[in-house]
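Asks: Protein chains in written order, with UniProt numbering: chain A, 1 to 433; chain B, 1 to 364.
Check each hint, because a few of them may be wrong.
[Claimed, not checked] Once the Cα atoms are required to be at most 35 Å apart in a straight line, the calculated DSBU-like pairs of lysine-lysine come out as:
no.: 1; chain 1: A; residue 1: K33; chain 2: B; residue 2: K58
no.: 2; chain 1: A; residue 1: K286; chain 2: B; residue 2: K90
no.: 3; chain 1: B; residue 1: K90; chain 2: A; residue 2: K50
no.: 4; chain 1: B; residue 1: K47; chain 2: B; residue 2: K59
no.: 5; chain 1: A; residue 1: K50; chain 2: B; residue 2: K361
no.: 6; chain 1: B; residue 1: K98; chain 2: A; residue 2: K33
no.: 7; chain 1: B; residue 1: K90; chain 2: A; residue 2: K151
no.: 8; chain 1: B; residue 1: K361; chain 2: A; residue 2: K33
no.: 9; chain 1: A; residue 1: K50; chain 2: B; residue 2: K59
[As the list claims (entries may be wrong)] Stretch by stretch, here's where chain B covers chain A in the computed footprint (C-beta under 8 Å, at least three residues):
no.: 10; stretch: 15–28
no.: 11; stretch: 88–100
no.: 12; stretch: 264–276
no.: 13; stretch: 409–415
[Said to hold, decoys possible] Sample of chain B residues with no beta-carbon within 12 Å of chain A, all distances over it, derived:
no.: 14; residue: G9
no.: 15; residue: G35
no.: 16; residue: D54
no.: 17; residue: P69
no.: 18; residue: T76
no.: 19; residue: S132
no.: 20; residue: E134
no.: 21; residue: R338
I should point out that these hints are in silico values taken from the structure, not numbers from a laboratory. A virtual CB, placed ideally from N, CA and C, is assigned to each residue, including glycine.
Spelled out from the first residue to the last, the chains are:
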Amino acid sequence: MTDALLTYPKTAAEGMSVDFVGRRGALFWLALKTGFFTILTLGFYRFWMKTRLRRWYWSAIRPGGHPMEYVGEPLEKLLGFFIAVVILTFYIGIVNLLLMFLSFSVFSTASFGYIASFAGVVPLWFYARYRARRYVLSRTRWRGVRFGLEKAAWGYTWRAVIHWCVTLVSLGTLWPRMTFHLEKYVTDRTYFGSARLHQDGHWTMLYRAAVPFIVALLILATSTVWMLWFDPVFGSEVLSISGIAHDILTDDTLVYSLDKPERLFLVPVALVGIVYGAIHYRFVSKRLMAGYKSAEGITSASRLSGPRVAFIYTFGSFIAYSVLVVGVAALAIAGLAVFGPSALVFLDLGLEEASFDIPQAVALALLVVFYLSIFLLWNVLYNTFVTFPLMRHLARTTSLPTRYGLRYVSQRARDEFAEAEGFAEALDVGAAI
Amino acid sequence: MSRGFDGFGSAYFNGDRPVGEEVSLHLANLNLQIGLDDGNTLFWPVKDIRLLPDIAGKKGYVLRLTTDPLARLYLTDRSLMTYLPSAHSKTPGKGRRKLLLWALAAIAAVALQIAVLVPLLADRLAAFIPPSGERALGAATLDQVRRVLDDTGLDPLAYCENPAGVAALTQMTTSLNQGDDRLENLSVHVLDHPMKNGFALPGGYIVLFRGLIDQAENPDQIAAVLAHEMGHVSTRDPTRHALRSAGSIGVLGLVFGDFAGGAAVLFLTERLISARYSQQAETEADTFGYTRLDAANVSPAVMGDMFDLLREAGGDANQLLAHFLSHPMLSQRIDAARAAADASSNYAPILDGTAWAALQKICD
């Protein structure tokens with residue numbers, strides 16, 4: 001029995017809720033400003049951009065009213081990126097060359113090389129994901145106390161590879177097993193100060209989160225079977241000569257050939273259901289597992305809503321993508337106006353019309369700036385309309401029902417981490433933010 | 001003089017335990033005096049107090065001390081900020097030198113790889129590729145070139161396959177490819193593109209663009225380009241080149257990221273088309289070309305004419321010229337071509353008028 005358990009009975013615990021205080025407008029301007037600098041510096045400011053956005057998001061999340069703090073440095077991210085490039089450049093360059101050579105010499109085709117090259121990067125991808133998580137946790141503090149994650153990236157990597165193989169072999173039916181065990185691996189190695197987190201529960205509980213996905217899949221499968229075999233929508237008589245003759249004579253061609261075509265609406269409905277089911281699974285499984293995360297004298301719980309998250313994703317992405325589409329259309333029109341029909345092809349610009357005069361060169365520069373601005377705008381809008389509401393929802397639905405253990409937590413040593421999230425950055429793993 | 005501040009809702013975190021202590025706040029003698037519950041008072045020199053940047057919301061802000069990396073003071077009373085002149089100053093950074101070293105190492109590693117390791121390895125490996133593998137590599141590269149050069153973005157760039165034109169081209173190829181050291185598996189294609197260029201790919205693929213045929217004044221000039229590219233095929237220059245690209249493509253994609261990675265693919269395809277071989281390789285290809293032209297009873301001087309023609313027609317827009325211009329010896333090569341012609345020979349055009357007319361219409 002430790003101090004924590006002797007002093008406070010579990011029943012007497014009072015909960016702690018998490019607040020989220022930031023405003024959307026402030027985030028929009030921060031993202032726009034830092035994104036603008038990123039364009040001006042041809043991408044190098046992105047390490048600063050990421051740092052500043054994280055600082056903002058972290059400080060907006062306030063468990064018990066006190067802000068989280070992100071202490072990651074832009075320069076260490078830049079350094080980490082350089083380190084990763086140095087290491088990966090040898091791996092990817094030389095290994096790719098050897099693979100392509102083998103592929104053509106032995107198999108006389110490029111596909112073996114591409115597949116092997118991809119397969120070789122997959123483990124690195126998991127490795128990078130764990131290292132990125134370790135970096136972010138080690139640079140996160142709350143009430144002055146550091147979070148941390150043990151050095152166990154290779155263990156995570158081989159487990160992830162095996163879990164993926166098992167999941168693929170089982171045709172996805174064991175997916176929850178993978179979700180649970182990988183999350184448990186990471187959670188069990190996560191610390192808040194001196195307190196080690198623990199993931200309880202069982203993987204089979206995650207099937208509950210998969211229910212919408214499974215239902216959508218069943219609808220799709222049964223409606224496909226129904227419409228193709230048992231009671232075909234595409235009536236068989238259309239294939240017979242008499243049927244065609246009948247069509248021509250009566251002059252009602254298409255309607256006649258389809259049998260109860262309104263049933264076809266089941267297909268898009270089921271597809272939307274599958275997308276919703278995927279989002280629902282991803283987040284509700286987090287919710288279920290959050291309820292089984294604990295440290296000594298501390299428990300967590302989540303009340304996040306699957307439909308709400310799905311709404312944030314679809315509505316937010318819809319806005320971000322519409323702006324992108326409008327932007328690209330405007331770009332195409334501008335390009336046509338300046339260069340003529342074939343102008344948008346890179347090689348044409350570079351190779352054939354190289355002798356353009358100054359106004360055209362200026363126009364080209366403007367076009368490039370415009371092109372980059374669309375990517376900037378997309379990023380900004382995605383932050384504003386997807387990441388922001390998502391973080392807010394996740395924060396506000398999280399709570400610590402038991403927290404008396406906090407007073408027995410003490411500081412942990414700093415995790416010096418030269419390479420930061422360099423591998424994730426170089427491999428484009430795309431950590432959450 | 002001492003000034004008090006509202007400590008309600010504020011908390012001091014000592015950097016060890018995640019438990020907030022209530023505080024009373026006073027400013028005196030250029031120190032922020034933080035009174036704690038246990039009766040102790042902390043003195044934070046005003047000049048060393050920093051505000052944490054990029055804090056969200058107006059509800060509360062966080063102060064730290066430059067000399068203490070861990071302790072934090074969470075405050076709600078904004079009026080204190082006006083008394084903290086250094087709050088927005090920089091906290092001293094660290095590790096700039098290490099950063100610089102790694103940056104240099106990164107640049108050196110990428111340069112070493114693209115300029116030395118990959119070419120070296122590619123040249124060694126190219127010798128071991130069996131003909132069938134070389135052929136597959138060429139087919140894959142050709143597909144890539146056709147896809148990249150297509151304006152519509154739908155289908156790969158079309159081959160020109162007018163039967164009479166193809167027959168004329170085959171006749172030309174056969175005339176040039178004779179004798180003991182004739183090249184096996186030679187495939188010559190014309191692509192429907194205005195570029196004035198021709199290039200060789202691994203496995204005996206030679207590609208001419210419509211623009212080149214339009215530009216030529218007579219069939220012998222096309223034969224000159226064809227013979228030159230056959231020279232590259234015979235020494236397997238394109239195989240080494242394509243392998244190098246396969247190795248470099250991953251590196252460039254890595255450095256520039258996904259967004260620019262697409263551009264890297266375009267860049268490498270462009271490099272395949274206007275392959276810049278070593279000067280020695282070009283000279284060997286030229287010499288090979290003279291021999292073949294001579295054997296086909298065509299004056300090697302036509303190769304000089306073709307270079308000359310492209311130089312005159314050129315400007316920057318001319319890729320083949322740029323290709324040759326990259327070697328400072330263009331004039332020498334023109335002279336060499338003319339010198340290779342035997343004045344006493346009775347040279348004849350490689351195609352008759354009908355066949356030449358058919359070749360010119362190969363893309364119709």
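Asks: All hints are to be evaluated individually against the structure, with a verdict given for each.
Replies: Hint by hint, here is what the structure shows:
1. A/K33 to B/K58: Holds, because 20 Å separates the two Cα atoms, which is no more than 35 Å.
2. A/K286 to B/K90: violated (39 Å)
3. B/K90 to A/K50: holds (19 Å)
4. B/K47 to B/K59: Given pair B/K47, B/K59 holds - Cα atoms ~24 Å apart, limit 35 Å.
5. A/K50 to B/K361: Judged against 35 Å, a Cα distance of about 58 Å means the pair is violated.
6. B/K98 to A/K33: Given pair B/K98, A/K33 holds - Cα atoms ~29 Å apart, limit 35 Å.
7. B/K90 to A/K151: holds (32 Å)
8. B/K361 to A/K33: With a Cα-Cα distance of about 57 Å, the restraint between B/K361 and A/K33 is violated, given a limit of 35 Å.
9. A/K50 to B/K59: This hinted pair holds, its Cα atoms lying about 23 Å apart.
10. 15–28: Satisfied; 5 residues make the cut.
11. 88–100: Coverage by chain B holds for the stretch 88–100 of chain A (10 residues, Cβ < 8 Å).
12. 264–276: violated (count 0)
13. 409–415: Result for this restraint: holds, n = 3.
14. G9: Given a closest Cβ separation of 8 Å, the condition is violated.
15. G35: Fine: 18 Å to the nearest Cβ keeps B/G35 off the interface.
16. D54: violated (4 Å)
17. P69: The claim is violated: B/P69 sits with its nearest Cβ about 8 Å from chain A, within 12 Å.
18. T76: B/T76 not clear of chain A: closest Cβ-Cβ about 10 Å, inside 12 Å.
19. S132: violated (5 Å)
20. E134: Non-interface label fails for B/E134: nearest chain A Cβ at 7 Å, not farther than 12 Å.
21. R338: Check passes; 29 Å lies beyond 12 Å.
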